[in-house]
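Please model the entire structure based on the sequences and the hints provided.
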Amino acid sequence: MWLFVVSDVMTFAALLAVYTALRMANPEWPRPFTLHPAIVFSTAMTLVLLTSSLTMVWAVEAMRKTDRRAAARWLAATILGGVAFIALHLTEWRHLLHDGVSPSTLFGSVFFGITGLHMAHVAAGTLYLSALATGVARGKFAAEDVETGGIYWHFVDLVWMFVFPLVYLMAVRG
Amino acid sequence: MKVWLALIALTLVEVALLRVNAGPAVMLALLVGLSLVKAGMIAWWFMHLREFRPRPLVWALLFLALCVALTVIGFLQ
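Just so you know, the sequences run in chain order L and V.
Last residue of the first sequence? That's 174 in the working numbering, and every number before it is there in order.
Last residue of the second sequence? That's 1077 in the working numbering, and every number before it is there in order.
These are calculated hints, taken from the structure and not from any lab test.
From the three backbone atoms N, C-alpha and C, an ideal C-beta is built for every residue, glycine too.
Each hint should be verified, as a subset may be incorrect.
[Stated by the list, open to error] Here chain L is said to cover these stretches of chain V; the calculated rule only asks that three of the stretch's residues, wherever they fall, bring their Cβ under 8 Å from a Cβ of chain L:
(1) 1002-1012
(2) 1024-1038
[Unchecked claim] Listing some non-contacts, in silico: residues in chain L with all C-beta distances to chain V over 12 Å:
(3) 91
(4) 117
(5) 124
(6) 127
(7) 135
(8) 140
Okay, structure coming up:
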């Protein structure tokens, strides 16, 4: 899992570096976001993802104490956080598309590209954790397996810690 | 729980920075700095990097993070 994380770090680092380079090189870079509702919305998404990381920490701790019921419950809470994040994200995308932010423009292509790739990671994570939670509830999987799932989920959270300020906060209308 | 509260607080600080009338370069430096602190906290406490053995691997990962940061800085110049 660590090798996957390291390789994915490079992917996201390259995408965010290109995005930031484009943003800083172009004084006329589009700034479509307003404090309300766009930033309030994306801040809520950040808080949901951070909270799902906390429930993932509790799931790992419960598995270390061999409390499978609690671990499955915390994993379910983490999955709920992931689903809520995706739902909020899709709603935000719908608003942006409605406001005329097109994926065919330079800004739109990098914005939807980066946030779309991240959302795909969250979606894959919810499926992965769903399989893990089902297995844990049925007495399968060891504590190390849940820890490995945790590394993936926290990595998805870690990437968002860069996407949120670089993509959203740096594109707020002045 | 303390780490989570600190991460929430740092996120709110990032949003509050929007009220500061700073140029894009200063804003970028501040936001990247805060993001690195938050990412470090997630890796160190949530991803249990502090429990990682052997230790040289931790240093290798931190060195990789430094390389990524330097590449980003180089890119911006």
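Here's how the hints hold up against the structure:
no., hint, in the structure
1, 1002-1012, "holds (count 5)"
2, 1024-1038, "holds (count 9)"
3, 91, "holds, 19 Å"
4, 117, "holds, 17 Å"
5, 124, "holds, 18 Å"
6, 127, "holds, 20 Å"
7, 135, "holds, 21 Å"
8, 140, "holds, 22 Å"
The earlier numbered hints are all upheld by this structure, with none contradicted.
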